[in-house]
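For what it's worth, this note's numbering labels the leading residue of the sequence shown as 125, then goes sequentially.
Just to be clear, a hint being listed does not mean it is correct.
To be verified - For each label pair, taking beta carbons as the anchor points, the in silico distance ranges come out as:
no.	residue 1	residue 2	range
1	Val204	Ile177	29 to 37 Å
2	Gly172	Asn198	29 to 37 Å
3	Gly210	Arg187	45 to 53 Å
4	Ser195	Leu167	36 to 44 Å
5	Gln203	Gly168	38 to 46 Å
No lab work stands behind these hints: they were computed from the structure. Keep in mind it's a predicted model, so treat the numbers as computed, not measured. The C-beta atom is built at its ideal place from N, Cα and C for all residues, glycine as well.
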Amino acid sequence: MAKKINRAAASDSVIQSAGNDSKQAKELENRLRFSRRVAVLLLGVIVGVIGLIGRAYYLQVKRHGYYRTRSERNRVKSQVIPPLRGNIFDRNGTALS
125 MAKKINRAAA
135 SDSVIQSAGN
145 DSKQAKELEN
155 RLRFSRRVAV
165 LLLGVIVGVI
175 GLIGRAYYLQ
185 VKRHGYYRTR
195 SERNRVKSQV
205 IPPLRGNIFD
215 RNGTALS
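From just these sequences and the hints, can you work out the full model?
This is the structure in structure tokens:
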């Protein structure tokens, strides 16, 4: 009977080590999955920043002339508008101006 107990104990230890291996494998898989997510996120951020820099370059360097003429046309123009006012009367109804 001692051998049967030893075999049972040995099989339990094998099951436990297999359980630890599967836990380690799951943990490793989770780490890899997280690393992939971080890499994809980082790649997305880099692509976004490059896109913003490219757009800023396009607007400020390539389209400079267009926006310069557009801003020149946008200036404030002074125009004299004569005031249209009525007559001013005092309390007796006499015109003051």
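Okay, the hints, checked on the actual structure:
{"no.": "1", "hint": "Val204 <-> Ile177: 29 to 37 Å", "verdict": "violated (47 Å)"}
{"no.": "2", "hint": "Gly172 <-> Asn198: 29 to 37 Å", "verdict": "holds (31 Å)"}
{"no.": "3", "hint": "Gly210 <-> Arg187: 45 to 53 Å", "verdict": "holds (51 Å)"}
{"no.": "4", "hint": "Ser195 <-> Leu167: 36 to 44 Å", "verdict": "holds (37 Å)"}
{"no.": "5", "hint": "Gln203 <-> Gly168: 38 to 46 Å", "verdict": "violated (52 Å)"}
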